[in-house]
Amino acid sequence: MSTYPTIMIDEPTLERLGVYQQRALVCAAAGLIISFVAWLVAPAHFYHGYLIGFLFWLALALGSIGLTLLHHLVGGSWGVMVRRPLEAGATLILPLAAFFLPLAVGVRTLYPWAQPDAASHEEFHTPYLNVNFFLLRALAYFVFWGFLAVIINHWSAQQDAQSDHGPSRRMGAIAGPALFLMFMSATFAAVDWGMSLDLGWTSTIYGVIYIISDVLTTLSCMIVVCTVLERSKSMNQVVTPERLHDIGKLMLAFTMLWAYMSFSQFLIIWSGNLIEEIPWYLRRTRGGWELLVAGLMIFHFFLPFFLLLYRDGKRRTNYLVRVALWILAMRFLDLTWQVVPSTNDYKSPHIAWADIFLGLAAVVGIGGVCVWYYIHRIKQRPLVPLNDMNLVRVLKREGGVQHG
Amino acid sequence: MSHEAETETDAVHGVIAEFEHEADILAAAEAAYAAGYRKMDAYSPHPVDGLAEAMGFTKNRVPLIVLLGGLSGGATGFMMQWFSAVVHYPIDVGGRPLNSWPAFVPITFELTILFSAFASILGMLILNGLPKPYHPVFNAANFDSASSDRFFLCIESSDPMFETEGVKGFLEGFEPKSLSVVPVESDPGDREAEDS
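Taken in order, these protein sequences are the chains called Z and G. Numbering follows the working numbering, with no gaps: position 69 of the first sequence is 69. Numbering follows the working numbering, with no gaps: position 3 of the second sequence is 1003.
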């Protein structure tokens, strides 16, 4: 029925994944207990840290949904390797919807516009930025993202079981409009959850920067996943240098895009030098934060940029995975830089170390649950989708996957 | 290239074999590389996957040239603005420092791209020796069909292992459609006919 063999995870890899799942649960317990204690003791610090952890992992879920849709739209050989890992990543939206609940509880603590005594609260914000509408929007985002995650996986599973291309054709038909709506919803979500931390500050590039960061996070995670799965039997036929090279090139492109967009936002606001806009940067470039800014420029852009220029490195998992882990660490620092200084007085900013520590705890805590759930999902199905229209075409052209 | 080159190899560009199928030329190229031949070139009507690698063309220096071009472009772009804004014609713009580097970044970036692009095109042309008004390989019999339906593999006389009869015997083993010796037929003052 299928033109290529069904590739399941082999026994030794399953055992290894089981060990990872146990460790993930330990991390989850540790991170979430620290976060919970912080919530009882110092809620303001807790919410900042928790938001970092939440946005960090939400990036993987949104990026996975987006890249799966993109692959249904444009096809290509890179999808053979990452389609199933991406589909599993998309399902993370389900646990993440639960992880949003603490934020829903803490809206009034976390966001300046929701605080009743907010001095800088301007009237014209209220029709949009009020607690009820905020929660309603959040619900709408999660319903939409959850719907896509379910559809992506459900139709993919249907396609595994039948040789007629119906489900993948249907997926191709909705991918375009769905991708458009993903851009819209992710932009609105970024504005709601990130940008509105600094009341009165606006940037039209903000949503795009978050979407680019999502894709960068997701590509890096996919490299990590492929490195783990590569050792499974037959997977070395799937994780080929050409496909790694493709993902590596995308990582390079998105590293550059991140820098391009982040700098564009800065250049425009710096040139304008207006009192409505410039405090956002004043809060984030002084009182110790200037070191983090310099660090982000060097280590989030220049270092991965030059590392990813190296062609032979992009064709090997052991090189690429180190760059990927590095980029993930930088994503944490970038989110920290975006979120933590928002409550600073721009005239005398300081570094809130407690927020950063709790951010780390939240990344580990939420991450533990996400990794556990991710492994649980990826174990369930063949590692390369069967009978998929795009993939069958690609594998036919390239000579297929042999049993190895 | 060798000093003690015999008169025979001086007048000969190489030995060329004509193949009908890309699988045949791939096998021949791989075997020739394995046998130790390094100075060879293949001619085909369309790109043959893996043929360049089979002949040992795995790396070239274009990426390095592009990197150097990009770095010099970036340096030029930045220094040009820094010099005019700080040294040559300093003006106070809205109280900003003279060395307002954020404003210099777009031009720096653009010149990086521009110089990289120039470096890639020029580097490619310098390394492969194009444009080349005369190339001896066109003296080969039936060579016109290299642009329609035939694949040619030429082992060149500049190879240290080259020896006309030996190479002929070697290529004969792959049962080419035809096999011929390509004469140089150009005056010695011409550019070195070597395009590796």
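If you're looking for bench data, these hints aren't it; they were derived computationally from the structure. Since we're looking at a predicted model, the values are computed, not measured. By construction, the Cβ of each residue, glycine as well, lies at the ideal position given by its N, Cα and C atoms. Some clues are possibly wrong.
[Stated by the list, open to error] Distance ranges between label pairs, derived from CB positions: (1) Z/PRO43 x G/ASN1099: 43 to 53 Å; (2) G/PHE1057 x Z/ILE298: 32 to 42 Å; (3) Z/ILE298 x G/MET1080: 43 to 53 Å; (4) Z/GLU242 x G/LEU1068: 19 to 29 Å; (5) G/ASN1099 x Z/ALA157: 56 to 66 Å; (6) Z/PRO95 x G/PHE1118: 45 to 55 Å; (7) Z/LYS233 x G/PRO1131: 45 to 55 Å; (8) G/HIS1046 x Z/LEU139: 33 to 43 Å; (9) Z/ALA157 x G/MET1080: 30 to 40 Å; (10) G/LEU1067 x Z/THR202: 36 to 46 Å; (11) G/ILE1107 x Z/GLU290: 42 to 52 Å; (12) G/ILE1113 x Z/ALA140: 37 to 47 Å.
Hint by hint, here is what the structure shows:
1. Z/PRO43 x G/ASN1099: 43 to 53 Å: About 44 Å separates the Cβ atoms of Z/PRO43 and G/ASN1099, which means 43 to 53 Å holds.
2. G/PHE1057 x Z/ILE298: 32 to 42 Å: Check passed, 36 Å falls within 32 to 42 Å.
3. Z/ILE298 x G/MET1080: 43 to 53 Å: For G/MET1080 against Z/ILE298, whose Cβ atoms are near 24 Å apart, the range 43 to 53 Å is violated.
4. Z/GLU242 x G/LEU1068: 19 to 29 Å: This hint holds: roughly 27 Å between Cβ atoms.
5. G/ASN1099 x Z/ALA157: 56 to 66 Å: The hinted range 56 to 66 Å holds for G/ASN1099 and Z/ALA157, with Cβ atoms some 59 Å apart.
6. Z/PRO95 x G/PHE1118: 45 to 55 Å: 51 Å Cβ-Cβ, so the 45 to 55 Å window holds.
7. Z/LYS233 x G/PRO1131: 45 to 55 Å: holds (52 Å)
8. G/HIS1046 x Z/LEU139: 33 to 43 Å: violated (56 Å)
9. Z/ALA157 x G/MET1080: 30 to 40 Å: Since Z/ALA157 and G/MET1080 have Cβ atoms about 59 Å apart, the given range 30 to 40 Å is violated.
10. G/LEU1067 x Z/THR202: 36 to 46 Å: Holds - the Cβ-Cβ distance for G/LEU1067 and Z/THR202, about 39 Å, lies within 36 to 46 Å.
11. G/ILE1107 x Z/GLU290: 42 to 52 Å: violated (24 Å)
12. G/ILE1113 x Z/ALA140: 37 to 47 Å: holds (41 Å)
Hint compliance for this structure: hints 3, 8, 9 and 11 are not met, and every other hint is.
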